[in-house]
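Fit chain V to the given chain Z structure using the hints.
Heads up: the protein sequence lines correspond to chains Z and V, in order.
First residue of the first sequence: 1, per my numbering; consecutive thereafter.
First residue of the second sequence: 1001, per my numbering; consecutive thereafter.
Treat the hints loosely; a few may be bogus.
As a list, the in silico DSSO-like pairs of lysine-lysine whose alpha-carbon atoms are at most 27 Å apart [as the list claims (entries may be wrong)]:
hint	chain 1	residue 1	chain 2	residue 2
1	Z	Lys-235	V	Lys-1200
2	V	Lys-1037	V	Lys-1271
3	V	Lys-1163	V	Lys-1287
4	V	Lys-1125	V	Lys-1275
5	Z	Lys-297	V	Lys-1200
6	Z	Lys-127	Z	Lys-72
Just so you know, these hints were derived from the structure itself, not from any lab.
Since we're looking at a predicted model, the values are computed, not measured.
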Amino acid sequence: MSLKRAARLYIVGFIFIVLNFYPSKNLFSADVGNCLLCHKYPGLSRIDEQGKMKLLYVNEDIFNISVHLKVKCEGCHTDIKKIPHDPVNKVDCLVECHIVEPSSEQKFSHKDVDNYVKKSVHAALDKYGMPKKFKEDLPTCKNCHDEPLYRPLSFFKQVRPGISEAALGRCRVCHKKEDFIIRFYNHVTTRLHRTRNPINIAEVCARCHDDPLLVERHNLGTRAVFSYGETFHGKAARFLDERVPDCLDCHVNTGESVHQMLSHKDSAAITYRENKYLACSNIECHPGTSQQFASYKVHAEFNLDQSPVQYYFTLFFIILTGGTLLPLMAIIFLDLIRRLFPDAVIPRRR
Amino acid sequence: MATSSETLVTTAGNAQADSDYMHYVEGVGHVPRDIYKHVLSDPLGDLPRYSIHIVIQHFLIFITFITLAATGLPLHFGDLFWAPIILAPLGGPDSARIIHRISAGIMIVAALYHFITIAIGTYSKLKKHKFNLLHSQIPTLKDLNDIKHDIRYFLGKEQYRPKMGKFMYKQKLHYLAIIWGTFVMIVAGSTLLFPEAMAKFWPNPEFAQDLARLMHADEAIMASAVVVFWHWSNVHLVPGRFPLQWTFLTGRITREHQIEEHFLEYIDKLKDDPKEKEYLISVLKEKGYKTEGGEV
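The shape of chain Z in the complex, shown without the other chains:
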C-alpha cells in the first residue's frame, strides 16, 4: 500500500468514526445503560403472568424531550441489576433518583409530593391512619400524570407557546452547555404558567369525578366535570378559553401545592362554603367580590334530589315548549291541509 493510499484510508476512517461517535446536539438521553438497544423496537412486548400484554417499547424521540430525560433508566427501575434483566416491578415514584436538588443539595425524590397528597382529600388513609372506604378509587401519581403536556413559555414581546430565542440568548451569556440551557429553560418556564388548558385539566379530573358509580360510592353529590360544563366557566373552557378557572384554580388553596387539595367540608379548604369568596375574589378573577356572589353554583347539576325547584322549573319549560308548540303546529297542519285541499271534507257516519 502506498503512503498516499494509506493517508486517504486514514482520512476516510477518521471521518467515519467522527460521524458515528460524535454526539449530536439533541442527544441528551440518560440511557447510559444502553437500554434502548432493545427497547427502541416498536413491537417489543410480552404477555405477563396474568395474561396481559405489556408494551415495552420506549419512543426515543419522546423520551429525549420528556421531564425524566436526565434520569437514568435504573434511577426508577431500581430492581434491574443485570442485562438482560428479569421481569421488573412497578415503578415507585417515591424512590430517590440520582438528581440532586440544587437548593438543599440532597438527592431528589417525590416524597414531599406524597406528603402533600397524604394531607389532601385524595389520601388513601384517613387522619387516623386507617384505610378509607373504596381506597382503590383514590388516585395514584400516574392517574393524573400519565399525559404530561409540554408547552414552554415565550414571553418576549408577547406571550405565546414556544421557545424564545431571545431568552435563550441571555442564558448563553453565562451558561455554556446547550442541553443544560434548553432543559433549565423548560424546567423554569413550564412552572411559570399553565401547561394545560382548563378543559385538559377538567378531562383529567373527569376520569374519576364523572364516573357515576364512583360519584355514588363516595357520595360526591355531582358529576363534577359535567356540572362544571353547565356553567359559564365550563362552557368557555370548552372553547379552549384559558382565562376561565379550571378545577385546580378553585380547589387548591392559594399558594399551596395542587397535591394538597382539601375536601370542601374541611374548614381549612378554600372551597369551604364560608371561604369560597376568597377563591372567587382572586386578583385574576373577580376581585373584591362578595359572599353572595360566591354563593353562585360553580357545579350546576339540577337533579330532583338536590335541587327540586330547579328541576321542576326545567320540567315546566319543557312542558311549556311542547304544550305551546304542538297545538300550534297542529293548527298550522290543519290550515295547510285546508289550503291544499279546499274542498276536502270529513265524511260523517250515519
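Relative to the frame of chain Z, chain V by itself:
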C-alpha cells in the same frame, strides 16, 4: 257511511241567505265572506297595515333575534358539532359573545321604542274615543271562539273562516309570547351578564342565578322553535304567502289576505276609503252580487 250530499260546501245561491256569510256595508251592499277569492292583489301589499314605527321595530327585533339566536345557541351548546361551524364565521366565541351583548342592547332599545309607540298611540286613540278593542292585541273571548271556529273550518265543519279583527288569535298568541319572552330574556340575561351587581339586587342570588341560567337557555330554545315553526310558517310559508309576505318591509297587506284573515279590519277601513269601496263594488258587480249601486 258518507254520501256526497253531506258535504258542507255552500253554493253561491244558498249562501246569499246565510246572514253569517254576507256582511252589510253602507254604500257597498252585502259583502260575501269569501270575496277574497276574487279580488286582485299586489304581492307587495294593497292596503296600509303597519305604521313606519312598527316596521322599524319589527325589523330591529327580527335582525337582533336572528343574531341573538345565532350567537347564543352555539355558545350555550358549545360541545355540539354544529356550534363551532356557526361560531367560526362570527369570529369565534369571544366575538360572538360581544355581538350577542350588542344585539341584546339593540333589542332592548327596540322593545322600549315599541312600548313608547304603543303607549302614545293608545293614549291618543283613547283621547279621541277611537280606541277599538277589536283591533287591539288584547285577547278577548272572541279569540277563543275564533280558534274553535277556525279549527272547525280546517276540519271542513264550517263553510267560512271566522270574521277577525286587525289581529287574529294567531298574532295575539305570538305577541303575548314575544312580550313574555323578551321580559324573561332581558331579566335572565342581565342576571347572567352582571353577576356581581345582580348578587346585590336579588334577595336570593344563588336561586336567582340558577333560574336565570335555566330560563335564558330554555326560553331561547322555545322562542326559536316558535319563530321558526309557527311564525315563519304562518306568515311566509303557507300557500298564498310563499315565498315571502312583504308586509314586514312595506307595512302594507294584500287585499286578499286582509279580507281572508282580517275581515272586520277591512270592513272597518272600507268605510273611510272611497277608492277601495269603488273597487269592491266593481268586483261584486262582476260576480253578480247586489250592490248599493244596483244589480248588474
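Cross-check of the supplied hints:
no.	hint	result
1	Z:Lys-235 <-> V:Lys-1200	holds, 25 Å
2	V:Lys-1037 <-> V:Lys-1271	holds, 21 Å
3	V:Lys-1163 <-> V:Lys-1287	holds, 21 Å
4	V:Lys-1125 <-> V:Lys-1275	holds, 25 Å
5	Z:Lys-297 <-> V:Lys-1200	holds, 16 Å
6	Z:Lys-127 <-> Z:Lys-72	violated, 36 Å
The earlier numbered hint that this structure contradicts is number 6, and it is the only one.
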